[in-house]
Amino acid sequence: MYVLAILGRRLGQIVATVVLVALLIFGLMRLLPGDPALMLLGDRATDASIAQMHHDLGLDRSVAVQFWEFLVHTVTLQLGDSITMRVPVISLVRDGLPITLLLTGMAAFLALLIAVPLAFVSALRPGSWMDAAIRTVAQISLSMPVFYIGLVLLIVLAAGLHWFPVGGIGNGFFQDLYYLFLPALTLALSLSAVLLRNLRQSLLEVLNAEYVNFATAKGLPRRMILTRHVLRNAWVSTVTLLGLNIGSLVGGAVITETVFAIPGLGRLTIDSIFARDYPVVQGLTMVLAIMVSVVFLLVDTVQVLLDPRMSK
Amino acid sequence: MIRLAAALLLSTSLAFPALAQTRGGTLVFGRAIESQFLDPVHTSQNADIWLSLNLYDTLLLASADGKGVEPGLASAYKVSDDGKTITFTMRAGLKFSDGSPIELSDVKWSLDRARTKASGGDFAFLLGSIESVDTAGADQVILHMAHPDPVILQALATFNSGIMPEKLVMAAPGATLDDKSKAFADHPVGSGPFMLTSWKRNTEMVMSKNPYYWKDGKDGKKLPYLDAIRFVIIPDDATRILKLRAGELDVAEFVPYSRVAELKADPKLDMELYPAAQTNYFAFNARPTLKDGTKNPLSDVRVRQALNYATDKDALIQVVTYGTGTAARSYMPMSTPLSYGPQPLYPYDIAKAKALLKDAGYANGMDITCMVLAGSQDDAAKLATLQQLWSQVGVRLKIEQLENATRLSRYNAGDFQMRTSLWTNDINDPNEITSIFAYYATRQNNRSGWDDKRIDELFDQSQAELDPAKRAAEYKEIQERYAEAAPIIFAFEVPYPVALSKKVHDFVQIPLGNNIFVNTYLDK
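Line order of the protein sequences matches chains A and B. The opening residue of the first sequence carries number 1 in this note's numbering; numbering runs sequentially from there. The opening residue of the second sequence carries number 1 in this note's numbering; numbering runs sequentially from there.
Isolated chain A, as found in the complex (with noise of 0.2 Å):
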């Protein structure tokens, strides 16, 4: 029941979420200097033909009809036309989306299959020389760039070893899979260094709280206690991390699609801002809210069933 309540508030300010970043990607784009006309015609663009191209456009027309029009497809849930490839900004998104979820998804994973085992190989001997090692490779991976780990891995892994291929895309779901397991470990590389370092020190906080010990000395089993108090408890505070960075892993996601020649929305979004393509980067924007507020929903509900006092 609470969750049902908790569900049907949070919808709600999903939709209002979404409607306040349609008003300020419009408002944002307008803002930006830049004329997608001239970057239609480029370096040949003439006076008569920055004319025509406006008219073509409609951009000759005022902001306020231009924003009316937009709010209307907006409601309808109609993205419009991109400026730049002329195709429905839909068709787009049905064609990027589903690897670009596919993409983070798997970030994701691999990030908590890299972060949990290695946290508790930490927690369970802190100041061990394991511990050491692991957060010092942890601490590197943070701070080296995403791109500079697409590429390390693309020339080791891929280039040299063929154990993958160089970039692209698959045919197939099982062929994607394949095709983005490099892209998916280089954004899930950073990602697991902070999961990483967050599930460690919340598994030595509750390893020395007292349920701990006195569960410890009603003598269960030590399996028992590690997945059931202990990671239980230090899980929350991890979900809750994961799910704040799913925005950046879409972020990076931007880099990696291009490093990786991935054709995702991270580097259609960009590609479609530089090019001032409106309809692509509203309807695009709107998608990535849409997403972003999905996740967190997801993420609150994970709390609530891990943790029922989060309901409250």
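Treat the hints with care, as some may be off.
As the list claims (entries may be wrong) - Partial chain A-side listing against chain B, Cβ under 7 Å, derived:
1. L38
2. A159
3. V166
4. R276
Said to hold, decoys possible - Only pairs whose alpha carbons sit at most 25 Å apart, straight line, appear in this in silico SDA-like list of lysine to any residue:
5. B:K200 <-> A:L97
6. B:K182 <-> A:R86
7. B:K268 <-> A:H162
8. B:K200 <-> A:M106
9. B:K182 <-> A:L77
Calculated from the structure, these hints are not laboratory results. Owing to the predicted nature of the structure, the values given are computational and were not obtained by experimental measurement. In this text, a Cβ means the ideal position worked out from N, Cα and C, and glycines have one as well.
Given the structure of chain A, go ahead and fit chain B onto it with the hints provided.
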């Protein structure tokens, strides 16, 4: 004697494999930039223009040296003595890539659409001298000219004159011709050697052999040799090269100049530098005052000349292009017909530069601000070099980093003092670049605000000048006057750097940038 015969035998056996064109196979081509729109009339991006001729054939084709034309869809043409009628004889049995015949009405419709301002897009001006298009008999297309046009034959070999199927475009969904062309361009049917078979935006585009293409190969069968070309979009330079080296690509375009030497040394690759009708320059704002109201020293021709003398072109070429460029001799690239430049302009001469600046009242130097593209390594290298060179004549060069859209907008509004620039010709004639660089009415001479009435007059004359010698003389004078006035820094020309696997043969990127695959074949 025996030795000679053996040598002959050896040389013929060595030469033989090079002559045998193998058929079949798919060429994988790594592109830096994605195509956006595949309608020959409504393209304005190089990424679109450079592939257009593979999909849409033209009446005439540019000759291999780029200076003349040869027959294309038309097997012959005749220009009347007064230059006002041009008659084309079409080849028999021409077909579009869907197997339907190319009718005379398709030719008329395509040219009419391309030359009309409302439907013809940015390049309609190239065909502006055509008054009407007629057809006669079974195979004649007749152009009636409003006035004789020395460039019309080259224009008919340019991408926007590509022949399209009228019925299919008009049958495409959409209320207006523009909407129809949008829908058609997603699944185009054309007259070129290849046809689009699949297109996943931002990922890849596949062009397959057009089975109905008219031209014969060296083996007597129809061209092209390749079954298909797969264009893969890889925006990152380093990744594109890695992919080529891993054997996942056959060709990688836009190799950074910094890596040309390294790829030249790779025994598995051919590192080609195709001559380009492309020129690098720095554009000046020559108005007396800048947008913010400050006085602009660049309005003084002596200052502009001084800065040209103070620029060591060889240093720029070395730093920016790693020695692959050549110093500019005119505002137009040297491969442009009628280009004139007996030697590189403004040889490096600090003493002359100082004297000119002193003469102009700037003995104590000045501040100049240059807009550059943020994140561009080339621009960073150019400006670092210029800063150092110009500091020797007291010029303090400030750098303003802007992303492209902001930079273009400010440039267009005349709100700049200097900027980095690159120009590529789209037609084998000096008229396009001249109309942009030196003919004030087009756009204030490249937004410089500088003006030369005599050049405007010469350009107007040249546009209707049928006597090649007179036209060459007009262009010589235009280029001399322009060089003297120096509204730009004449910097350097660069080739197109393309790296290919050794198994790829007879691919060419022509000076205008078009990628030509019709004769390309792959070793098995």
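Exercise. Which numbered hints turn out to be false for this structure?
Worked result: When the structure is compared with the hints, none of them turns out to be violated.
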